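Visitor: Sequence:
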Amino acid sequence: MKTLIALAGAFALAACGGSEPEEPIGPDIAEAPVAEAELQYAGVYEGEDENGVPWRTELNEDGTFTDMEGGEVIRTGTWSEEDIRGTCFVEEGVEGEDCYQMGEVQEDGTVEVTGPDGASFTMNKTS
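Every letter in the sequence shown is one number past the one before it in the numbering used here, and letter 10, counting from 1, is 805.
Source of the hints: derived by calculation from the structure; they are not laboratory data. Quantities reported herein were computed from a predicted structural model and do not represent experimental measurements. A portion of the hints provided could be inaccurate.
Pairwise CB distance ranges (calculated) [claimed, not checked]:
| hint | residue 1 | residue 2 | range |
| --- | --- | --- | --- |
| 1 | S875 | N846 | 25 to 33 angstroms |
| 2 | M897 | T871 | 31 to 39 angstroms |
| 3 | E877 | N846 | 26 to 34 angstroms |
Backbone N, C-alpha and C fix where the C-beta goes; we use that ideal spot for every residue, glycine too.
Please model the entire structure based on the sequences and the hints provided.
Guide: What follows is the structure, encoded as structure tokens:
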């Protein structure tokens, strides 16, 4: 019974609230500009595979990527950078994603990369 009276009192007080809108406490978050995330690995990477076939990977700032081998497009999809999982790729038409741990881009453009299988390799960022 005491609970019922307490609830009824709370509803009565809520119903008696003022009709004036409250002033916002701070700036409207919806109006604050949103900075685009900087994708430090966006750019073009080039090299040759173990058979001397040239390859090229383009990581675009819009979150898409294109892999080329011997001048032919072999794979496209989306990519993103995450703090914990690394740089992750979702190939178009393929379920799941592959995440790579990428080191810092060095002054000479090289980047040490560890793949999802644990194998490490070096990529060359050309632009």
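Visitor: Hints first: check each against the structure and report whether it holds.
Guide: The hints, checked one at a time:
1. S875 to N846: 25 to 33 angstroms: Since S875 and N846 have Cβ atoms about 30 angstroms apart, the given range 25 to 33 angstroms holds.
2. M897 to T871: 31 to 39 angstroms: violated (20 angstroms)
3. E877 to N846: 26 to 34 angstroms: Given a distance of about 32 angstroms, which is inside 26 to 34 angstroms, the answer is holds.
Comparing the model with each numbered hint stated earlier shows that hint 2 is the single one that does not hold.
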